[in-house]
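Position in the sequence shown (from 1) plus 388 gives the number in this note's numbering.
If you're looking for bench data, these hints aren't it; they were derived computationally from the structure. The reader is advised that the hints may include incorrect statements.
Unchecked claim - Listed next, with one range per pair, are the computed distances between beta-carbon atoms:
no.	residue 1	residue 2	range
1	Asp409	Phe441	15 to 21 Å
2	Tyr397	Glu424	28 to 34 Å
3	Thr391	Gly429	35 to 41 Å
4	Ser436	Asp405	17 to 23 Å
5	Asp425	Gly392	21 to 27 Å
6	Gly392	Glu424	18 to 24 Å
7	Asp440	Glu399	19 to 25 Å
8	Gln427	Ala398	24 to 30 Å
9	Glu390	Asp425	15 to 21 Å
10	Glu390	Asp430	19 to 25 Å
11	Leu416	Thr391	30 to 36 Å
Model, not experiment: these values are computed from the prediction. Note that the Cβ used here is the ideal one computed from N, Cα and C, for glycine as well.
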Amino acid sequence: AETGMVTVYAEKEVVEDSVVDERTEVILEEARKVKEDVQPGDMLVVESTPKDFGRVA
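The task is simple: from the sequences and hints, build the whole structure.
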């Protein structure tokens with residue numbers, strides 16, 4: 389059965405020390421929770437569904 393749930397993903401660049409723009413970058417420590425062998429400079433697809441995202445009835 390379909391639930392109507394939508395998941396949003398974003399491609400982000402892995403950075404080693406500090407995130408300048410959360411919309412386009414993810415810190416290495418968090419990225420490794422998704423993909424163990426990721427390296428700084430890699431692009432990683434992460435779930436990015438806003439907390440208040442939902443459908444309008």
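Against the structure, the hints come out as follows:
no.: 1; hint: Asp409 - Phe441: 15 to 21 Å; in the structure: holds (20 Å)
no.: 2; hint: Tyr397 - Glu424: 28 to 34 Å; in the structure: violated (19 Å)
no.: 3; hint: Thr391 - Gly429: 35 to 41 Å; in the structure: holds (36 Å)
no.: 4; hint: Ser436 - Asp405: 17 to 23 Å; in the structure: holds (21 Å)
no.: 5; hint: Asp425 - Gly392: 21 to 27 Å; in the structure: violated (35 Å)
no.: 6; hint: Gly392 - Glu424: 18 to 24 Å; in the structure: violated (33 Å)
no.: 7; hint: Asp440 - Glu399: 19 to 25 Å; in the structure: holds (22 Å)
no.: 8; hint: Gln427 - Ala398: 24 to 30 Å; in the structure: violated (19 Å)
no.: 9; hint: Glu390 - Asp425: 15 to 21 Å; in the structure: violated (35 Å)
no.: 10; hint: Glu390 - Asp430: 19 to 25 Å; in the structure: violated (34 Å)
no.: 11; hint: Leu416 - Thr391: 30 to 36 Å; in the structure: holds (33 Å)
The earlier numbered hints that this structure contradicts are 2, 5, 6, 8, 9 and 10.
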